[in-house]
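Chemist: All chains, full assembly: derive it from the sequences and hints.
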Amino acid sequence: MKKKAAEAAALAVKARGLTKIYGEGEAAVTAVGHVDLDIPQGILTAVMGPSGSGKTTLVHLLAGLDKADAGEVWIRDQKLTGLGDRETAHLRGRIIGFVFQGFNLLQTMSARDNILLPLRLNGVPRDDAWFDELISMLGIGRELSRRPYEMSGGQQQRIAIARALITKPHVVFADEPTGNLDTHASAEVLSHLRQACRELGQSVVMVTHSPIAASYGSNVILFADGKVAGHITNPTPDSVLAGLDALAGVER
Amino acid sequence: MRWLGSGLIGSVGAAVLLSTHPWYLDTVADGTTSRMSSMTVILAWFFILATISGTVVIGLEPESAIEVRATRAALGESNRRAGIAAARRGAAAGAIVSAILIVPSSVAVLLSSRRGSGGAWGWIALVAGLVFLSILVSHVVAANAPKREPVTEALRHSHETRPFRIRAIRWYVLIGFVVSLPSAIVRAVSDGGSIWSGALLLVVGTASAGLVGVLIEWGIRWGIDLAPVAMARLARRGRGPVATLLADEALARRRPRGAGILTAIAVIAALIAGTALVSSRSIDGREINIVIGDVWRDGGEPCVGSCIEEFRQTLADEPIVGAIVPAITGRLVGGDCVGEVYAVDPALAGAADPVFARVLRSELDTIETEHGTCGLDFDGNWIDAPVAYSPGSGIVLIADANTVTAQDDTLVPNALLVYAADPNEQSLDIVVDTVAERLGLEYVAPVSMTRVENVVDGGMSVPLALTAFALLLIVPLAALVVAGVAERRRDHGTLAALGATTSTLRTAMAIESTFRAWAAVIVGMLAGLLVRLVVIGYSAIAGSSDDSIGTGSGDHLDSIPWSALGIAAAAALGAIALISAIAAASISRATPVEALRPEPAGSGTERRSR
Ligand SMILES: Nc1ncnc2c1ncn2[C@@H]1O[C@H](COP(=O)(O)OP(=O)(O)OP(=O)(O)O)[C@@H](O)[C@H]1O
Ligand SMILES: [Mg+2]
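So the sequences go chain by chain: W and U.
Each residue of the first sequence is one higher than the last, beginning at 1 in our numbering.
Each residue of the second sequence is one higher than the last, beginning at 1 in our numbering.
What the hints contain is simulated information worked out from the structure, not anything from laboratory work.
Incorrect hints may have been included.
Quick partial rundown of chain U residues pointing at chain W, CB under 7 Å, derived from the structure [said to hold, decoys possible]:
#, residue
1, 210
2, 241
3, 502
Each residue gets a CB set at the ideal place from its N, CA and C atoms; glycine is no exception.
Modeler: This is how it looks when you write it as structure tokens:
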């Protein structure tokens, strides 16, 4: 047990035989099929793959937001299956930060309240300096008192990112966090995420369609048809493009 | 689910109505007891039923509906097309709701098999038709309302907190006007009414509806929206996840409008129904077979003394005759008490048939409440004793028959009340007539009765009133809380993903719906009382005891059953807390991703609107 824990400590996320099947019979779709993953701690990992390849499903499963049909996930040394209500809430509120592909901001609350919600829900005191830093890094100072429906898509996305980072979680999962951002804003967000990994030892798992965004990571997981189709370490936009082309070739 | 809810409420309303509206009075043999105001009673009750049903249908419309409508508008759906589609939906919903309403009402009427059921059938048809129409219209109106704004506005509005807008009051004013108009016209053209009293009724009706509107709209604003927040602050001093959810209005401002109006209206309706039940009379019927008339000699002399004694003895030998009780012929005088009557001693009547005597005795109170003390005029002899009469029977009780005879010894009983031994015996009157003929006497103007309508006042119907009150309240509330849980699926999913425990979500939901509903009950009761006070004030001004909103025999402040209302309110608050807790417990442990998925098929406006 002790040995296993020490072994897993180097990993931010570990998955074994992870499987998720939507639908039944003829219509069944294996969104994630028997995936084994080891995501190291303290680095930015990008997940890339064609649309519909199962990336969103994968990160949902890894973050413990959805139930797998088979397989196990560990966050650091914590096995996700069989956790009680309280432990699950603690994990989601304190250990993990999640940026949804569709943001999922609460429409009834202002941007500020949306960002602070995880702190309040989990009884964590607010760190004003960290809040200010996030706001200025993401450039959302003027949106704080607005409701989500009064903001642009990119503004909502940055609020969602701030909400995921406010608790300084150990592992951040972000599903296309820069999909709605311009080049400049993307660069800000991505370099911040990379910096957080280096300086705070945070681990980031980021789904993206952009080779440039992926090149901010230390590691790229290529995902296709619900399976891991390859890894690229120390990626550059070109090497990522090449990898994706290879993937497309494999698919044909 | 929505239709079932409206139908349930509609049929509870119909049941309440059937048991309170004295429709049997319209068709009893004696025309003097028919109610002129029954038309306005029907309209008032319809108003209550229609608003409940209509609002339930609108109020429980899923949140996505407004977005779906806006999106369809953006894709080029014309107002006309949307209106036609809505009319079709409304017709379907209206048909279902009125069907659910008709079935139990019909069963109730069939089971009661009273005389005068004909009136009830017409009444049910009228209410069902009007409920159908109101649901149809409300659908069409709802479908077109948001179309006036740009699509993005409509989408935004579905999330926005709704400020108090005085403009909203105009709907209440309009409803008040439309509802009081027929009553006002009836009032203006009826005996004893005038143009002015009609106009006054119209003004009072319209203004009180406006006042109720202010109370509801304003009540929603502070009560429905802020009560949970304030309560959470107080309860947890603003700390802890539960208080956070409530105080931050993470959930609290979801659709307070439909919810609030629905609840408040349900409560007002419940209140009016409750007060009506408490202060009006319930009916409990029973078979009886009697005949009563006065006896005369051939020469036109009253048959008294040994004459009536002989008649009585002879009658008593007839096997079909049960008890015989002496009676006095006279005329009711004073106040509204008019009519030829037969007076019987309550003690003797009670010995012969206790139930019938109780019926007569309970009428004593009614007469005093409604008409003051009546007197009896026996052939020029005035007797100032409280009397009672059974509507339509022409029979009165004299509180103390001895007093009557002591006041004037010329007053002699020449009438007999004859009970049949077997209630189903058809030929009682013929037998009595034959016996009279045999003795050379005449049994004049016999009144026969085959059924007693036991019209019981006050106390007895309180449990019924409480039940009705609770049902009217609990059904929409339960529907509301359940709908609330479903509506917030997505938000609950997000919150769970951010680390809210299931128990936090459940507690927050329970607290919120409890306090919101409590606020609604209080606002609703205030509004209901306001209506009642206005009616009382109106009656005082117009100097009329016309029971035009069907709230029973009350045009005095004392007619408000404070203690019963208190009990009802307390029971309702308790029930609400319980329901909220149960409904909140149904917040599922589904994973956040499952919760965040749009509702599975079945909840769909989309499906229906096709
Ligand atoms: N709730 C669901 N029911 C049925 N099938 C689903 C469901 N959710 C996803 N799928 C299917 O599972 C597969 C993977 O979906 P997923 O959302 O994980 O893809 P993705 O890689 O994130 O795509 P994108 O890059 O477009 O976001 C797709 O084929 C999708 O159609
Ligand atoms: Mg995706």
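Chemist: Indicate, hint by hint, whether the structure satisfies it.
Modeler: Tested hints:
Given hint, residue 210 of chain U at the interface with chain W, is violated; its Cβ is 30 Å from that chain's nearest Cβ, farther than 7 Å. With a least beta-carbon distance of about 5 Å to chain W, the hint placing residue 241 of chain U at the interface is held under the 7 Å criterion. Below 7 Å, beta-carbon pairs count as interface contacts, and residue 502 of chain U has one with chain W at about 5 Å; its hint therefore holds.
The earlier numbered hint that this structure contradicts is number 1, and it is the only one.
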